[in-house]
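Engineer: Sequence:
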Amino acid sequence: MRHSLKPFLLFVALFGLANGASLATHEDVNRNCTVSDAFKAFTCIFRFSDFLDKLSHLSKENKESITEFKRTCDSLQSCFDSVKCGHKEDEHRNVTEHMNTICTTVVYMYDDFGECMEKLEANNSTCFQQWTPLKKLHKSEEIDDEKLETLKKEMCTNIFGKEKCMKKEIIDECGEEKWNGAKKHFVALLKTSVPCELGELKM
Numbered sequence: 000m001r002h003s004l005k006p007f008l009l010f011v012a013l014f015g016l017a018n019g020a021s022l023a024t025h026e027d028v029n030r031n032c033t034v035s036d037a038f039k040a041f042t043c044i045f046r047f048s049d050f051l052d053k054l055s056h057l058s059k060e061n062k063e064s065i066t067e068f069k070r071t072c073d074s075l076q077s078c079f080d081s082v083k084c085g086h087k088e089d090e091h092r093n094v095t096e097h098m099n100t101i102c103t104t105v106v107y108m109y110d111d112f113g114e115c116m117e118k119l120e121a122n123n124s125t126c127f128q129q130w131t132p133l134k135k136l137h138k139s140e141e142i143d144d145e146k147l148e149t150l151k152k153e154m155c156t157n158i159f160g161k162e163k164c165m166k167k168e169i170i171d172e173c174g175e176e177k178w179n180g181a182k183k184h185f186v187a188l189l190k191t192s193v194p195c196e197l198g199e200l201k202m
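Residues 0 to 202 (numbering that gives the first Met the number 0) are what the sequence shown spells out, left to right.
Rather than coming from a laboratory, the hints here were simulated on the basis of the structure. The beta carbon of each residue, even a glycine, is placed where N, CA and C say it ideally should be. Mixed in with the good hints, there may be bad ones.
[Stated by the list, open to error] In silico DSS-like pairs for lysine-lysine, Cα to Cα no more than 27 Å straight-line:
| no. | residue 1 | residue 2 |
| --- | --- | --- |
| 1 | K183 | K62 |
| 2 | K62 | K177 |
| 3 | K167 | K177 |
| 4 | K177 | K152 |
| 5 | K177 | K39 |
[Said to hold, decoys possible] Quick list of the computed label-pair ranges, beta carbon to beta carbon:
| no. | residue 1 | residue 2 | range |
| --- | --- | --- | --- |
| 6 | N99 | L147 | 51 to 61 Å |
| 7 | V34 | E60 | 20 to 30 Å |
| 8 | K161 | K118 | 17 to 27 Å |
| 9 | S124 | D144 | 27 to 37 Å |
| 10 | L51 | E96 | 39 to 49 Å |
| 11 | Q128 | F38 | 28 to 38 Å |
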């Protein structure tokens with residue numbers, strides 16, 4: 000994907016799962032978790048690293064990369080499901096739901112939405128060129144709590160482009176159905192990882 004959505008998808012995946020996944024720490028072990036449970040948790044961490052690697056190398060031109068990403072999603076989902084000790088039920092549900100939302104959104108953008116993205120790239124409108132849900136950061140730029148909150152706020156307001164101009168772009172190039180699909184997946188993704196005010200996502 001030549002457009003700058005990949006950094007956004009990576010950020011949401013990393014932030015959302017890191018924020019929600021309370022895997023077995025020392026405190027968890029004290030809550031009826033075994034050494035085996037802790038080992039499973041560390042296994043999930045390694046699988047999450049593989050998940051991020053597969054996500055970073057996704058290409059709509061390479062169908063095998065999409066298939067591999069789906070396999071990695073299933074593997075990581077199973078891993079999270081196997082580590083239940085130390086979790087409150089709602090915490091575990093949040094992690095698994097977020098994992099599923101990330102995977103379905105990414106697969107949608109690279110598979111079902113791929114042809115539409117090609118049309119948007121070919122048209123290359125000003126709105127599309129400026130469509131950056133996550134602004135580029137300098138390598139030397141540090142991200143503290145205040146900076147993180149600013150990034151989250153910008154994602155909520157920029158998710159559909161300046162003044163939400165991507166709605167018209169997608170409808171004009173790809174039709175109402177593709178717009179509804181893109182909106183559904185992006186809104187679901189933000190709601191599970193970067194909570195936005197309802198008005199910011201209203202179209």
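Engineer: The structure should be examined with respect to each hint, and the outcome stated for every one.
Structural biologist: Cross-check of the supplied hints:
For the proposed pair K183 and K62, the alpha carbon gap of about 23 Å is at most 27 Å, so the pair holds. A distance of roughly 20 Å separates the Cα atoms of K62 and K177; the hinted pair therefore holds under the 27 Å criterion. Using a Cα cut-off of 27 Å, the hinted pair K167 and K177 holds, with the two alpha carbons roughly 11 Å apart. Taking the CA atoms of K177 and K152, the gap is about 25 Å. The hint holds against a cut of 27 Å.
Taken as a hint, the K177 and K39 pair is broken in the structure, with Cα atoms around 39 Å apart against an allowance of 27 Å. For N99 paired with L147, a C-beta distance near 24 Å fails the hint of 51 to 61 Å. Under the hint 20 to 30 Å, the C-beta atoms of V34 and E60, about 45 Å apart, miss the expected range. Between K161 and K118 the C-beta distance comes to about 20 Å, which sits within the given range of 17 to 27 Å.
Distance hint for S124 and D144: a CB-CB separation of about 36 Å, consistent with the stated range 27 to 37 Å. A hinted range of 39 to 49 Å for the beta carbons of L51 and E96 is inconsistent with their spacing of about 19 Å. Checking the proposed 28 to 38 Å range against Q128 and F38 shows it is violated: the Cβ atoms sit about 48 Å from each other.
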